[in-house]
Amino acid sequence: MSTTAIDTQVALNGTLNRSASPPRSAGVQVTDYDNRQTVGKITVDNPKMTCREVNVYYGEKHAIKNVSLDIGANEVIAFIGPSGCGKSTFIRCLNRMNDTIPSARVTGLIKLDEDDIHAKEIDVVQLRARVGMVFQKPNPFPKSIYENVAYGPRIHGMVNTKAELDDLVRESLERAGLIKEVEKRMLEPGTSLSGGQQQRLCIARAIAVNPEVILMDEPCSALDPIATAKIEELIDELRENYTIVIVTHSMQQAARVSQRTAYFHLGDLIEIGDTDQIFTNPRHKLTEDYITGRFG
Amino acid sequence: MQPFLLLTLLLLSAGAYYLGRRRAFAVADGHVRNLHSLPSFYGSYAALWCGLPALLVFALWAAAQPNLVVNWVVAGLPPELRDLPPDRLNLVINDLKNLVGGNFVASASDPVMVEAAERYRRLQAIGNAALWVVVLSLAIAGIAYAWRAISPALRARNRVEGVINIFLIASSTVAIFTTIGIVLSVVFESLLFFRQVPVAEFLFGLQWSPQTALRADQVGSSGAFGAVPLFAGTLLISGIAMLVAVPIGLMSALYLSEYATPKFRAFAKPALEILAGIPTVVYGFFAALTVAPLIRQIGTAVGLHVASESALAAGLVMGIMIIPFVSSLSDDVINAVPQSMRDGSYALGATKSETITRVLLPAALPGIVGSILLAISRAIGETMIVVMAAGLSANLTANPLEAVTTVTVQIVTLLTGDQEFDSPKTLAAFALGLVLFVVTLILNIIALRVVRKYREQYE
Amino acid sequence: MNKATSHDGVPLRERDIKTIVNAGLARRHAAERRFRWYGLIAISLGLAFVVLMFANIIGKGLPAFWQTYIQVPIHFDAAVLDPEGNRDPQTLASADYGALVRAGLRQTFPAVEGRLPLRALSALLSTDAAYELQRRVLADPQLIGAQQEIWLLASAAVDTFVKGNIDRTLDEANRPIKDQQIEWIDQLRAADKIERQFNAVLFRNGDSREPEQAGIRGALMGSFFTLLVTFLLSFPIGVATAVYLEEFAPKNRWTDIIEVNINNLAAVPSIVFGLLGLAVFINFFGLPRSAPLVGGLVLSLMTLPVIIIAGRAALTSVPPSIREAALGMGASKLQMVGHHVLPLAMPGMLTGSIIGMARALGESAPLLMIGMVAFIVDVPKGFLDPATVLPVQIYLWSDLPERAFVERTSAAIMVLLAFMILMNGLAILLRKRFERRW
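Protein chains in written order, with our numbering: chain L, 15 to 310; chain W, 2 to 460; chain A, 131 to 568.
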């Protein structure tokens, strides 16, 4: 199937008929999509999100080239690659954060469950409530710890009473493993916390909305090793309830927390597969070079 | 005459520069390497020696001569004129000066005056001639000194740079002296005023009528300097101005920084800032001739009594003037909020307006408060609009449709026209100036501090 | 882990975020649109004010650039001008030119009889008409004895009427121009002897009590001298201060004080500077009132902080690498600044200074304090002559009720705004031309 055919189909239907996708078989390693480089199986059995033929342009720059992959429910998938490879750009497509950049243009199909996230009837507000995000640098709002966590539930009208909100804030902080540290200081500003605590506060803030997917864009790059370890532990616990996509520049971190790993290079998705396989037996030359530290 | 002397001095200095350079080459046997500094520094060295002392003497002389001449002429006047009371004597001196200047005066036929004028002219001529001689000989002496002093070992560069350094430092103290000058002039005159009118009376009195207070026999003359109606009027007009400027300015800034396309922003931002460049006298004209009659008409149409110089008109127009002030300061402040705050909010599914009202504004609040304080200080000190569009009657009222007066209006009215300088009326203007200065200073200091703290928070 | 539950008993975690969000979406989007509208309304209001003010002022001021003239046959009668026939300039200067004008008018309207009607007839022309004839004769005594058709300046009332600003249906007592005069004007119109010409008087004369003779030349020259003093003082001192603070000053308490001081001065109300000028320059140093020199001194103190702040910004934008390169070559600190840093920062400093000067040009409040509000007819010729400046002239005229003065005030504002636009345009051009991105 050629690119044009798919484009037309996407344009006509808005969604891609799943049955039209080529039969998955263990033997096929290079997909039939015009993903000339992707090595490995891009699909999963129970996808939470489906991306097909995604392209991103920043003005003239072609930042993401024809990337297709699935994100499985309740899995942790890691995006790795050298800096500037587009992994952050790609993760920002998943909750349409690229909309906030005026020069950015995204084409292709991205589905959350059965909903095309670019479809007219899907509101970006709703999408972002369902797909939460945690950023590279902790960015608590200049409000109290309590208000930081309560922000999402408040704007979405998720609770009706103060008691409900209190419960929700507590529970979110508990899930983020932060409750013990902040129990006594809920009304202090969020910025008074340490870097690692701030990042966990941001995670608590994200999960207070009860999203289905959590995107994490290098969540530990600004943190020290102990704080990093705590976050990684947290990610492992959160997998029970959420689907997690994590961008990381640290291969070790990807190996520790993820079940599947995707390797990006200059805007191309080079290889995708089970984390074990990627790190022990990479199939693509570029992946191997990166993993073994020849560049990056 | 004097400009010509200055020009001569300039030419001499230029000559000295050339001579100094030549001299430097000469003493160095033509090898620049032998010199401590570049030849041009030796030239500048000579030029400075030629010009600076002469210029200094020139300035002092020019400042002192007129007074000295007057004193000598007065000393030569017949005793009956000399012993006149100072203010009468001043009149005589003014007549004299006019006579000297060739203008027609009533006393032109008085032989005493004619003779005095003649002496005045003669003394002036002698003084000017002496000035020429002294200044030029000083300049030439300077050149001679520099000529002798120039030697390969002379550290000409350091000397010249030293002089420039002194100039730089002196320049930077001008700002300090300006502040000191302001403080001294308002404080000094205010003290004179408070000797006649008690401070508490001035600050808390409810009656303001400086015109009637001039009459000593008037019973209520001491009670006529209560400035409360002026403060109230100032607050009323500034308040109206802020009610106009803050919502419009702030919303414009928010729209421009968060919603507008780059193209629209590139057009609208400078267009809005035109308002900041229009002279205040133009706003005053607009307020007095267009807005005030309009408000009056509207008021009459709905059956309200509106004064022809209503506080509303002045406040409204002042508000328009302050819009760009609020909007550009707020724009800076809002742009200083890091993008990550916006991202964090959008990523949670907030709409733009939710992000603005719940994250950006609280984050930018200190900065916005700072800029509003600056705007208030600006409104309080604004003069022309209120002079032209607000009234003179010191009403103590909160009704924006009535005429009120402000501190600045009173300063202007008290100081224009009347020339007597020690009447409480003119001194009151300085007391009002002191209040104005202190209040705006406090507002500015708080505002600048708040804004700076805020900036540091995100740096 | 205690589960948060909602009021209906369903655990919050199990409620569907999708439906919850959807329930509020319509309301939230409405709020969003509303907020956006507020912003758009605010900015449109701001822009509308700009347009409104300009339209208002241009609408009022544009007619002032044209002025009504009436063509009158003038006989330069030797018997009136030079009875002795010796062409003595003194005699020529003091001759009764008004008689020539009156005679000319009577020639045009021979039917008019009686003292009052004749006076009304004379009132058609400005008092300047006689002076105009005087100027012509003094410039060219050959005119004496000649007969010429001459365009003479009409009075302000006639001008206002011709421009259509006096309603002829109004009751006669309520308008400055009477029925009889209207009749004459109509006759003149029919004979093509009344027309509007470019108002050169506005740019040639100083102030006057007669609107048709009032001009802005005096104010323009006053502004010129005042600004010249301001520039000559504030630019060198401002640049020197900026250079000292940015390049040489040690970072200590003293420089901190200077800095805070400058920032505060920039926000001191302008009228306070006027008080300073009055107390220090006029009362203490005894400088003359109303002089451009004093005005310039006051304005330069006001402009100084603006120039210093702009200058420091320009200096900080020069990258440190340039300084290091110069010092590395063995230049002294002063040479480094003089040869490298200052030339690179100069466009920025000039831009700031021009903007400061534009502000000084529009400033009037402090000048009221130092007596530059006097009614001055003569055009100032130096720094010590009594003078006024353009914005103060506007202020003075705006107080006068005649329609012709309102018109002239607006015209003066247009001239002032034209200068401001010119200066700011120059500043923008300079910035565009020399702006460097390091």
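Keep in mind the hints are simulated off the structure, nothing from the lab. Be aware that one or more of the hints could be misleading.
With a Cα cut of at most 20 Å, we get these calculated EDC-like pairs of lysine to aspartate or glutamate [as the list claims (entries may be wrong)]:
id, chain 1, residue 1, chain 2, residue 2
1, L, K198, L, D180
2, A, K148, L, E178
3, A, K148, L, E135
4, L, K151, W, D84
5, W, K98, A, D515
6, L, K194, L, E251
7, L, K134, A, E162
8, A, K562, W, E457
9, W, K454, A, D386
10, L, K157, W, D344
11, W, K353, L, D113
12, W, K426, W, E274
13, A, K148, L, D129
14, L, K198, L, E188
Item to check | Hint check against the structure, violated hint numbers in rising order | outcome: 4, 8 and 12
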